[in-house]
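Just so you know, the sequences run in chain order E and D.
Just so we're aligned: 81 in the numbering used here is position 84 of the first sequence, and the numbers increase by one with no gaps anywhere.
Heads up: take any position in the second sequence, counting from 1, add 6, and you land on the numbering used here.
Derived from the structure by calculation, the hints contain no laboratory data.
Derived SDA-like pairs: lysine to any residue, alpha-carbon spacing no greater than 20 Å straight-line:
#, chain 1, residue 1, chain 2, residue 2
1, D, Lys43, E, Leu125
2, D, Lys75, D, Tyr86
3, E, Lys60, E, Glu28
4, D, Lys56, E, Glu44
5, D, Lys75, E, Arg13
6, E, Lys60, E, Thr19
7, D, Lys60, E, Glu48
8, E, Lys158, E, Met141
9, D, Lys75, E, Ala24
10, E, Lys158, D, Leu22
11, D, Lys56, E, Asp116
12, E, Lys153, E, Ser69
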Amino acid sequence: MSKYTEDGLERVIISRAASGDTGAMRAVYDEYSGFVWNLALKFTGDETLAEDAASEVFVRLFKKLGKFRGRSSFRTWLYRFTVNTVINFVKKQRRRNSLPLKESAYLPEEDAGTLEERDLAARLLGELGGEERMILILREAEGMSYSEIAGVLGIKVPAVKSRIYRARMRLREVYETVEGI
Amino acid sequence: MRCSDELIIRRLDGELSPEGEEELEIHLKGCAACRKKASDLVASAGILRKGLLKDSDPPETIWRAVMEKTRVGYARLRFYRAAAAAAAAALIISGVFLSRSPGEGYLSGFSSLVFESVSEEEWGPDGALEGDTVIDMFLRGEL
Chain E
-2 MSKYTEDGLE
8 RVIISRAASG
18 DTGAMRAVYD
28 EYSGFVWNLA
38 LKFTGDETLA
48 EDAASEVFVR
58 LFKKLGKFRG
68 RSSFRTWLYR
78 FTVNTVINFV
88 KKQRRRNSLP
98 LKESAYLPEE
108 DAGTLEERDL
118 AARLLGELGG
128 EERMILILRE
138 AEGMSYSEIA
148 GVLGIKVPAV
158 KSRIYRARMR
168 LREVYETVEG
178 I
Chain D
7 MRCSDELIIR
17 RLDGELSPEG
27 EEELEIHLKG
37 CAACRKKASD
47 LVASAGILRK
57 GLLKDSDPPE
67 TIWRAVMEKT
77 RVGYARLRFY
87 RAAAAAAAAA
97 LIISGVFLSR
107 SPGEGYLSGF
117 SSLVFESVSE
127 EEWGPDGALE
137 GDTVIDMFLR
147 GEL
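Excised from the complex, chain E in its bound form (with noise of 0.2 Å):
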């Protein structure tokens, strides 16, 4: 348990960042933005996008926190909000300027799999649907269990399992087209 969550502290430090203390919204900036931002990132697939989106999750968090009521925990919250925000900030990107999912834009780290496996990656993530994304992102890439997706997406885990499924064979498909060229 990190410093941040431990003892309530964090019940403390989002109410002051729901009244605009900007030290206690550095604390849950620094807390979260490492998943925002990988969020933001793999589901894009471009770095200046997932810097937009990242901060429009930071802009728009600042703004509802007063609306967190405790129900489920922060963590999981913050996710869920996470999630419906960077696919509906890309989704009006996408309306204004058309934009494909870009090949090549993840970050050249030299543990992410070759340049061919990202690439790959990307073009087989930029034939999915938004949500289809998302949720395979979630289990593939974040190592999430059905039940901790179910948490953030607010379904039940049948539901997960369905999604999942759906989006599984659809990624096969395109696995075939990409791999027949």
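Could you slot chain D onto chain E? The hints should help.
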């Protein structure tokens, strides 16, 4: 056992019992179509895992953008509040001028309504309030 995409996917997600796994294995040996499907599903999931595995640190530009937009948001909110207060004050001041000749003009009823709580003694010789201004009283919540 019949062909089953669902079983293939459940195996991929590690959700199949050892018995189910064995049964599926036997089926796959005799069914080329399912074998191909299973192999493609494993390969495509593997590509995502490898291609998306590594996380990186968020660039500091995100925080700067957030602060900039949040400050603009707060500044806008302060501006709207100030503008609303100024508008309210302007409304009250216009009421003061209109109330100089009570009974004359079509807004005299309105001005007397706004200032009905101000007693006769508080008005100066030319109709202005002595001492505190109307705005001071408004800000103290006395109006």
